[in-house]
Every structure is written in structure tokens, then in C-alpha cells.
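Peer 1: One-letter residues, chain by chain:
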Amino acid sequence: MVGLSEGEKHFIRGGISQDIRTDGRRRLQFRALSVETGVIPQANGSARVRLGATEIIASVKAELGKPSILHPDKGKISIFVDCSPTAEPTFEGRGSEELSTELSVALQRCLLGGKSGAGAAIDLSSLIVVEGKVCWDLYIDGLVVSSDGNLLDALAAAIKVALSDTGIPKVNVSLSAASDEEPEVDVSDEEFLQFDTSSVPVIVTLTKVGRRYIVDATSEEESQMSSAVSVSVNRNGQVCGLTKRGGAGLDPSVIFDMISVAKHVSEQFIAHLDSKISEAEAAAE
Amino acid sequence: MEFVDALTGFRVDGRRPNEVTPTFPFPTAPPRVTQSHSVLLLDFAQMRQLKGEVGVVARADGSALFEMGNTRVIAAVYGPREVQNKGQQVNSKEALVRCEYRMAEFSTGDRRRKPKGDRRSTEISLVIRQTMEASILTHLMPRSQIDIFVQVLQADGGTRSACINAATLALADAGIPMRDIVTSCSAGYLCSTPLLDLNYVEDSAGGPDVTVGILAKMDKVTLLQMDAKLPMDTFENVMELAIEGCKAIATYIRETRKINGLNMLKIASHKWITHRVKGLLVEDEWLCPVQWTGNS
Amino acid sequence: MEHLRWRPSVNEREFIESALQSDLRVDGRHSFDFRKLKISFGREDGSSEVQLGETHVLGYVTAQLVQPYRDRPNEGTLAIFTEFSPMADPAFESGRPGESAIELGRVIDRGLRESRAVDMESLCVVAGKQVWSVRVDLHILDNGGNLIDAANIAALAALSTFRRPECTVGGDDGQQVIVHDPEVRDPLPLTIHHMPIAVTFAYFGEGNIVVVDPTYKEEAVVGGRMTATINSNGDICAIQKAGGEGVMSSVVMQCLRIASVKAADITSKIKKAVDSYTTEKALKKVKRLPASLPQKINVTDVTMEDKGDGELETQTVKTPSDVQEISKDPATTGKASSHEDAQPMLAESSNAEVKITSSSGAAGESEEAQEIGSPKSLKDAIKPKHKRKKNKK
Chain A
1 MVGLSEGEKH
11 FIRGGISQDI
21 RTDGRRRLQF
31 RALSVETGVI
41 PQANGSARVR
51 LGATEIIASV
61 KAELGKPSIL
71 HPDKGKISIF
81 VDCSPTAEPT
91 FEGRGSEELS
101 TELSVALQRC
111 LLGGKSGAGA
121 AIDLSSLIVV
131 EGKVCWDLYI
141 DGLVVSSDGN
151 LLDALAAAIK
161 VALSDTGIPK
171 VNVSLSAASD
181 EEPEVDVSDE
191 EFLQFDTSSV
201 PVIVTLTKVG
211 RRYIVDATSE
221 EESQMSSAVS
231 VSVNRNGQVC
241 GLTKRGGAGL
251 DPSVIFDMIS
261 VAKHVSEQFI
271 AHLDSKISEA
281 EAAAE
Chain B
1 MEFVDALTGF
11 RVDGRRPNEV
21 TPTFPFPTAP
31 PRVTQSHSVL
41 LLDFAQMRQL
51 KGEVGVVARA
61 DGSALFEMGN
71 TRVIAAVYGP
81 REVQNKGQQV
91 NSKEALVRCE
101 YRMAEFSTGD
111 RRRKPKGDRR
121 STEISLVIRQ
131 TMEASILTHL
141 MPRSQIDIFV
151 QVLQADGGTR
161 SACINAATLA
171 LADAGIPMRD
181 IVTSCSAGYL
191 CSTPLLDLNY
201 VEDSAGGPDV
211 TVGILAKMDK
221 VTLLQMDAKL
231 PMDTFENVME
241 LAIEGCKAIA
251 TYIRETRKIN
261 GLNMLKIASH
271 KWITHRVKGL
281 LVEDEWLCPV
291 QWTGNS
Chain C
1 MEHLRWRPSV
11 NEREFIESAL
21 QSDLRVDGRH
31 SFDFRKLKIS
41 FGREDGSSEV
51 QLGETHVLGY
61 VTAQLVQPYR
71 DRPNEGTLAI
81 FTEFSPMADP
91 AFESGRPGES
101 AIELGRVIDR
111 GLRESRAVDM
121 ESLCVVAGKQ
131 VWSVRVDLHI
141 LDNGGNLIDA
151 ANIAALAALS
161 TFRRPECTVG
171 GDDGQQVIVH
181 DPEVRDPLPL
191 TIHHMPIAVT
201 FAYFGEGNIV
211 VVDPTYKEEA
221 VVGGRMTATI
231 NSNGDICAIQ
241 KAGGEGVMSS
251 VVMQCLRIAS
261 VKAADITSKI
271 KKAVDSYTTE
281 KALKKVKRLP
291 ASLPQKINVT
301 DVTMEDKGDG
311 ELETQTVKTP
321 SDVQEISKDP
331 ATTGKASSHE
341 DAQPMLAESS
351 NAEVKITSSS
361 GAAGESEEAQ
371 EIGSPKSLKD
381 AIKPKHKRKK
391 NKK
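Heads up: the protein sequence lines correspond to chains A, B and C, in order.
Mapping to the UniProt record's numbering: the first sequence position 264 is 264, numbers consecutive.
Mapping to the UniProt record's numbering: the second sequence position 49 is 49, numbers consecutive.
Mapping to the UniProt record's numbering: the third sequence position 392 is 392, numbers consecutive.
Keep in mind that the hints were calculated from the coordinates and are not lab data.
Some hints could be false.
Distance ranges between label pairs, derived from CB positions [what the hints assert, rightly or not]:
#, chain 1, residue 1, chain 2, residue 2, range
1, C, 66, B, 10, 58 to 68 angstroms
2, B, 92, C, 280, 54 to 64 angstroms
3, A, 9, B, 201, 50 to 60 angstroms
4, C, 27, B, 92, 28 to 38 angstroms
5, A, 98, C, 275, 54 to 64 angstroms
When the alpha-carbon atoms are kept at most 30 angstroms apart in a straight line, the in silico DSSO-like pairs for lysine-lysine are as follows [stated by the list, open to error]:
#, chain 1, residue 1, chain 2, residue 2
6, C, 217, C, 38
7, C, 129, A, 133
8, C, 217, B, 93
9, C, 284, C, 38
10, A, 244, A, 263
11, A, 9, A, 276
12, C, 36, C, 217
13, B, 51, A, 276
14, C, 285, C, 271
15, C, 217, B, 86
16, B, 86, B, 247
17, C, 129, C, 271
18, C, 129, A, 66
19, C, 217, C, 284
20, C, 284, C, 272
These numbers come from a predicted model, not from an experiment.
Glycine residues also receive a C-beta, built at the ideal position from the N, C-alpha and C atoms.
Only chain A is shown next, with the shape it has when bound in the complex:
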């Protein structure tokens, strides 16, 4: 991380309070977003998302597994984030473990819903093959290739795109199996089920610098933040998850305000992202 001089810090803070950021954006404006799908051919779904200089590669892999005893009618999803040292030299060795865990947990909270699976972005019951015996295990991996702030938003966007690109192979179950035996499953290579990702939320992170909040902070701006609130909002405007970072205390009214700002911003972002996804899919065909 390159250190900032006092002059630069002052410039950043002043600019934000005057609605002009260092790269010319307004406070509630996102950076240029670029989306690519199908970058990892051996995964069931993958995406590469660039938000300014932040680059994320997300992949979705589906494997057949056994459902948990507590929820025999639901599949399983797990999300892991890995920060590559190419993004930051401090990520080498075990330096990135703390950040990776933090990001993984935040994403899980926003996208996977509660312990019972309620409120999850993806309907887990659609992942079941044979109730109680065979289900799909989805492994979602996010890799931070280049980091310039706002990792959580970019990761959530990448996962959304990857899920829309995911095709789960159709499984034919042989009906002759006895009830206590392992059923025979035939995984077809031809037919695929696509996910309906319209209910997958996006995350909008609002970073408070001084008295104002900005959306999509670069790492320079993040170094000046006092606190940040990441709100996960879905298409219907419902809040699916909330994470607050940073040590500074926030007044509850401020938090409510931030949530409503996030909702407002997310509408445009979701629309923008959806158009990018359809562009990418059209390009892929």
C-alpha cells in the first residue's frame, strides 16, 4: 500500500465533501464495470468482473454429494474467497487469510441466508436430486486478482454473473433403486439447467469519509474511511444482509440513511449489471 501524504489525504476528503472525487466521479457513482462469462471452461459457471482496477474471477463448481441430515431436502452451497498475492504483495503466504475469511463470511451472510437456508439467494431445494440421498454441492470460489478497493461489491457481482452462467447437468435417477441403497444417478452431458439469478442480491458498500458517504471506494479512499456499511439488496429492494466495518461509531439514523441510499443506488447497479450479463451472454454465443 503506497502511503499517502497529508496533502493527498486532505485532497481526497475535501473532494468527497464537494461531490468531486479524485477520479472525477460523483459520490454515488460506480466505476466502469466490465463483465466476461465462461472464463474457466472446466467449471460449471464462471465470470470475470472488472470494477475499475479491481478484478475478480469467480467460478462455480457443482459436485454430487449427500445432503445434510438436518435438511434432507436441500442442497449445499459454500463460498470461499482467495486473495492472490498478485493483487497485493502483502497477500503472500498467509497474509491474506484474515481478509479472505472476512470476505467469505460476509458473502455467505448476504447470499446464503440464515442457518435454515431461509432467505437464501438461491433456492436450495432446487439443488436436490434424490431427497435424503443425493444432492448437488455447489462450490463458489472467488479469486481476487487485482485489488483497488471495494472488493465485496465486486465479489458479489462476480458471483451473481457466475451463477447466471452456471449450468447444472441434468441427472437421471434410476427408479429401480431400493429405498436404503445408494441410487444410481446418470449425469447427462447434454442437458443443463440454468439458474434463475433474478433473486440473487448485489452488495453495495457505502464508505463514510468525513460526513459523507461514497459508493465504490478505491483503495486510496478506503484508507481514509472512518467506517463502511455493506448492504446487500435484491431486485425487489429488500435488504438481504448487512455488514459494518470500521471502528468508528455510527448513529442509528445515519445507518438508516445509508441503507436507503444503498437501496436507491442498487436499483441502477442491478439494472446495469443485468444488461452487462446479457451482453456477455450474447457475446459468448
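Given chain A, work out where chains B and C should sit, using these hints.
Peer 2: Chains B and C only, in chain A's frame:
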């Protein structure tokens, strides 16, 4: 498994076993006529499609993306910068070169968990570091540190070679002076035919796998690794084939650098900084980016 | 930590390098000479100790029954583990292996496992369920340079003398594996197809000067290194040149040719050491024969011994196994068998290597004493015809 089809002579992915024809965007290398071995093959050995791109990681001092067929690798170089851990600095007259090799969890067919810190990754990190160290002019940057990070996005055989090629491009993008470009390629021997640039299927067939890294201009072998058994004469053929592959990649890398407009200057020998070299030819050859130190 | 590794002073570095320019090595060897190699074995099967100059490595082999890998259900496994003790070199940390430790482990692993030196399929007991997993532990006791070669020799020597317990498949479902105690049934050796020998080369001076088997000090000054694992048939099993100084490919081929010569030499040394150890071990087993012969401790007559020697010269020397077989049925032919016993036993006592226990020796001699007492008539009656003829010469 028929790795080389007996009738048509094609490999699993449709290449010929022995073709050195690097693909678009630059012109085909002229066919090389060397003595053919047991089978009368056209003396072309085909490696997979190559693709190199620089500047993929904005924050890094130098970065590159290199693809060899389905193997995709990103390399990022941070440096030269101040030594972070003084304890690691061995020689204060030379730069400290560090390297880390990592594979993404989704890079292989089966999803691997905890791909960093295992023995294979540590060995490959060591290998890449020592290979690049042989080429970097470390005495020009004393008391500094150069970090090379390599991240494998997709692994389909030949990851080591792709990493070294990507690291070379990234180092050049970062403007770090080098003695020569280091390129690497792998070759194997299946169905009594030497094969160039093995992919994962051919690699896991259990046959020998030879990885060679050369200093392109000086024509010296810096990296050589082999496993599984081979009689010595066969090994010589396979090694020569791999060296040809490396030279082809070197040609490709030079072209990539020209396209990307990186400033180059031809250097006759690595001692150019301390002595003036008479006659700098600025043809299509280059050796390292300009590095003015004030005493040349 | 690499920084704890001994670093040469400017003087030492220049001395070593300039000596090599004039084709001299600091310890007086020629460029392609190995240091003195000494291989010795421990008490148990499968433990070896190798000293290559000042480098000292201990190898130890164990085996246990495990489940095989899914993609190789009828093959056993071989794993190499290295232990770099800080006693050997302050640069080694105890606990987590450093880079050089991992490199050494992988080079030896590649040389032994990927070249199929040890037969894995013979280690299968029940396909898909139980196979033998052989584990080689290499302990570095003293780092005098060139650890890879020494450790490789230690591993090979240990594997050659290792004996795994015999096991049979039985039980109710034919799937149970019964491991037999070594006392009950002899343990079996591993099938080793060939011996991959590692030969390390060190390059100095921009790849022009090549030496074999670098010492610790030479390693500190080296420009590049290459380890070639070759067997005596001329097959290259593994090569490891992890970067470092660049060398011409012709130099590489030349090194490989030198390596194959050295490999043949070292293979013969290992085989000799293993053979002498095996014979010694087998002969020690002779002590464990059941006491089937009547133990009569008599004072031997000098004259009889002379005669005994004369007879022995015409007799063929019998192996210990023959002795065992013969001793198993002492009761069948009274004197005849004991006479037969006597001859081979005495024959072996004349052989320098074998140490015959006093009881059997004495018994033999006592039989001899008895035998000589009633000379020709008894011999004619008992001895088979072909032997009779020989004695009459």
C-alpha cells in the same frame, strides 16, 4: 490410450506430435530441417496456441497474463522496492528475488482445497525463483527486493513453463533489467514419439515429462527437470525438442513486446552498463528495457 | 532460514573459484571424483547409515497396511520423508521443512517412485482394500555438502535390506488379512527393479567448470547445480536443475554420460554392502537352529582334525539352508545323517565368513570323532557311492 494415433499421426487435441509452428499473430517460423528419427515426420512440432498480454494487474509494477492452450497464468511483479524483512536479505550487494506460486482452487479439474503451501507449490516457487534469478541483473539493484507472484487460473499441463514465460513478460513490463529472456517449454515421450508441450491428459499418462528453461539469446539451459525413466539417447532428442519449443516461445514473446510498445534497446552483452558497447543494433532483437544508472 | 547458512568470506570464495579455474579442488579431488562412501546397516532390517565424506545420513524403512488410492487400487505406495535436524546445519529449522528440504524430498521421491524402481504391484494384498504402504524416513545428521546423493544412497540401501512381514488372506469372507509374525514366517524383501543413483553436479564460472559431489564450502560458492538420477542400465530416472547458472545443452549431455559411469560404480558399492550384510544376517540365523543334534562336547583330537580337513577339501561346501534341512531329521538315519551334518558344518568352519556356534561345531566334531573311531567299514556302509570314490583318491 492412443496418445498418438497410429494412422493419422495426430495427438489427442488434434496437433501433430512434432510441429514447431507458433500461431497468430506473427509470421510462421520457417521450417527447420533436422534429421528425423525413427518415424518420417515432417519436422514441425506443434505447441499449443500461445497468448501473452501485459499490464493485466493495475497495481503491480509489472504484470502479464500468459496462455499456453488451456493453461492460463497471471504473473505480477512488485519491485524493486525496499526489503521488507531484513532477516531474509542475504547479500547486500544484490537484489533479493522472491517468488510465490499459487494455484486457484478452480484451476484443476477436481477442485483442490488449500492449494498453497503444499510441497509441490513450494518446490515450484523455488524453481521459478532460481530460474529468474539467473537472468535478472541483481547487482544493479542492491539492497532491494523483487517479488514475483504467479497465480495459476487454469491448469492443463505445462503450468511450470507458462509461469516462467509469464514471469519473464511481467519482469519486462516492470522494467527490471535482465540478462536475457527466459522461456520454458515442456516435452514428453509417448508411443515412441517425442511430443512437444504436453497437456494434462498426456502428462498424466505416466510417461516422461521434461521441462526445459533456456536463456534465449545465450542458448543456455537454465532449468531442466525430468521425471520417469528415459534412456539417454531418447532423452537427448526430447530435450532438443523442448529447446526448440523454448526458442519458438522466445520469438513470440519478442513480438508481443513490440506490439505492446515497451521500450527496448538491444544489448550486446550483460556487461553493457559498465562498459560502453560499440554498435547497439536496434533490429528486431532486444534484451532488456532501458535502465540508465548514470555510469554508462 | 537461509541467512543462518554459513557464508564464505571473500577470501574463501576467491580461493575456491580460482583453484577450480586451475582444475584443483580444495580437498584435493579430481573434478569428477566422489568422496569416500561408507555404507553400514543397523540392527534391524531396513535401516542404513551412509557417510559420503563428511555428510552423514540415516535411512529407515517401515511399512504398514493401508487403503490404496482410488485411482490405483492394486498398487502399494511409497513415501519419502526427510528430517533436517538443526544438528546437521544451523540453517535447518526443526519442524517446518525449508525449501531445500522439500526439494530434496521431491527429487528422491521422483527418482524412486516415478521411475518405478520398487515394484508396487507386489505390495498389493487385497486389491482395492489393503496394500502395503512403504515409508522411507531420511534423517540428515551432518551436512557436509551434497545431501541429495547421500540421502538417495541411504534410501536405496535401506530399501534393499528391508523385509516386510508376510501376510496371507483368509478369514471368513476371504478378505481378512493375517499378518504373520517374523518369527513364524520369514519376512519378504521388496522387489527392486533397478537402482536409481543420484549424481549431483555443481557449475562454477558461468557454466564452464563442472565438478561432481560438491562439498559444503563448494556449495556455498556455486553458480548452479544439477542432480541427475541414473541407473546402471543407462536410463535417466530424473533430472533436477532448478534454475541457477545457464549451461550449454552439450555440457548437460556430457554430465549425463559421466553420471551414468558414476552410477554404475556406486550401484556396485551398494550391492556389495547389501550382500555382505544379508549374508551376515543369514548366517546369524544359523544360531537359531533347534537343538536337534545330540550335544556332545568332546575334546577334539588334533589328528582327527587334520583328517577332517582333508576330507573337507573334497567335499562341497553346503549352504546354511542345507544345514537346516539336514538338521530337521536327525532321527531318521542315525549316524549317517549326523555324518552328513558333520561334514558341511566343518566345511563351513573352514570358511572365513561363517561363525559356527560352539554347540553345533562341537557336535559335528564329536560325530567326526565317533566316526573316525570305526573307520573304513562304517564309511563304506554309510557313504553314498560317489562320495566314497572321492575319498579313496
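Peer 1: Which hints, by number, does the structure contradict?
Peer 2: Violated hints (numbers, rising): 1, 11, 16, 17 and 19; every other hint is consistent with the structure.
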